[in-house]
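Trainee: Numbered according to mature numbering (1 follows the signal peptide of the UniProt record, and there is no 0), the sequence shown spans residues -24 to -1, 1 to 355.
Think of the hints as simulated: they come from the structure by calculation, not from any bench.
Everything numeric in this text was worked out from a predicted model, so none of it was measured.
It is possible that part of the hints are untrue.
Derived EDC-like pairs: lysine to aspartate or glutamate, alpha-carbon spacing no greater than 20 angstroms straight-line [what the hints assert, rightly or not]:
(1) 113 - 126
(2) 272 - 34
(3) 340 - 327
(4) 149 - 225
(5) 58 - 34
(6) 113 - 224
(7) 340 - 54
(8) 58 - 196
(9) 272 - 75
(10) 340 - 57
(11) 128 - 118
(12) 11 - 45
(13) 343 - 19
(14) 128 - 259
(15) 59 - 34
(16) 340 - 202
(17) 343 - 225
(18) 32 - 45
(19) 11 - 34
(20) 343 - 312
(21) 340 - 208
(22) 272 - 126
(23) 272 - 45
(24) 58 - 45
(25) 160 - 118
(26) 317 - 335
(27) 11 - 285
(28) 343 - 224
(29) 149 - 224
(30) 128 - 339
(31) 32 - 285
(32) 160 - 202
(33) 160 - 259
(34) 128 - 285
(35) 272 - 285
(36) 340 - 67
(37) 343 - 172
(38) 272 - 54
(39) 59 - 285
(40) 343 - 75
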Amino acid sequence: MTTPRARAAAALGCFALVALGLSACDHTPAAKLAKPALATSAENAGGMRALIAAAKREGTLRAIALPRDWANYGGLIDGFEKKYGVRVTVDNPLGHSEDEIDALQQRGHRPTAPDVIDVGDTFARNAAARNLLAPYKVAAYDSIPDNQKDAKALWSNNYGGYISIGCDANRVKPCPETFADLLKPAYRGQVALEGDPRRSATAFASVYAAALANNGSFADVQPGLDFFARLDTRGNLNPLPSSLATVEDGRTPISINWDYINLHYADQLRGRGVNWQVAIPFDGSFAQYFALAINKNAPHPAAARLWQEYLFSPQGQNLRLRGYARPVLMDVMRQDGTLDKAAAARLPTVEGTPQFPTDAQLEKARKTVAQGWAQAVPG
């Protein structure tokens, strides 16, 4: 028979373990436990120890469209593999958000289907509407701002940044600092996007930022399309999608991209003949976060859920920060003392508090860009 004193001692022991970040005392009633494929939280799966054990048995996590130089995915993948012994494979590393959703739709229950996706939140909403995602609340779910997560936990934003203009100062003089600058004749054939805004969340955000710089608004993205139409007509728009390789060899000497990507390029290419300068345009300041989600048909459901827990943990969030991306839990971590202050100090300074479009505004903008891009930028 368990005495009240013994029960109290056990409870205190559990509290101590929780304070240390451990989870040995998982007392979820057996009737409430779910298989990893149906688990809606670590507790629902039997606790973190059970989830880790199940992920190790699976042995693999299948991801898609995660370049190692994007928001420190190289460091995150290496850290996850080392910590849990689960191998991470990445299909189509240079793919875009729409490619990820296409893979969920087309591969279904096949073993080649992605376990997880990382997409712009506009695309996450679209995937949720298509019933492609599994609900899952990470341990930190309640700390994620309400406007950065799905109410049904189908996706949660993990990291973000600001649209910026990167420029090789060795090839371009002077470097542009605003969207208005990009229209100047000196930049003929030099201004590149990261991809097609109908498929790339980054390029879509670039159109949104251009709209804000040209009397548009969250409710009216059309001025962004008009801006790129002018950029194309003047011959300044470079049709080649920018990447680290095209920046390094000079094919895309000016690139509109997230600040964390452009800042990473600056670090990577320093000493290799590229003086990559980064400016956040004051005339079109646009911030956005990227969402993480689990495929409802994930072939490795435990590894998929463990990956989410890792990326929302202080360790994962600080690794994002070291790649210049702004963690979604940054304010919470600053308050509880888990934030890497040195990494945070390296972020570029921006003025004011970032504002975000509503779900309805995002959906309207997505449809406007999808329908209008081909007319704005033919070919």
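Trainee: Determine which of the earlier numbered hints do not hold for this structure and return their numbers in increasing order.
Mentor: 3, 6, 7, 8, 10, 12, 13, 14, 17, 18, 20, 21, 23, 25, 26, 28, 36 and 38
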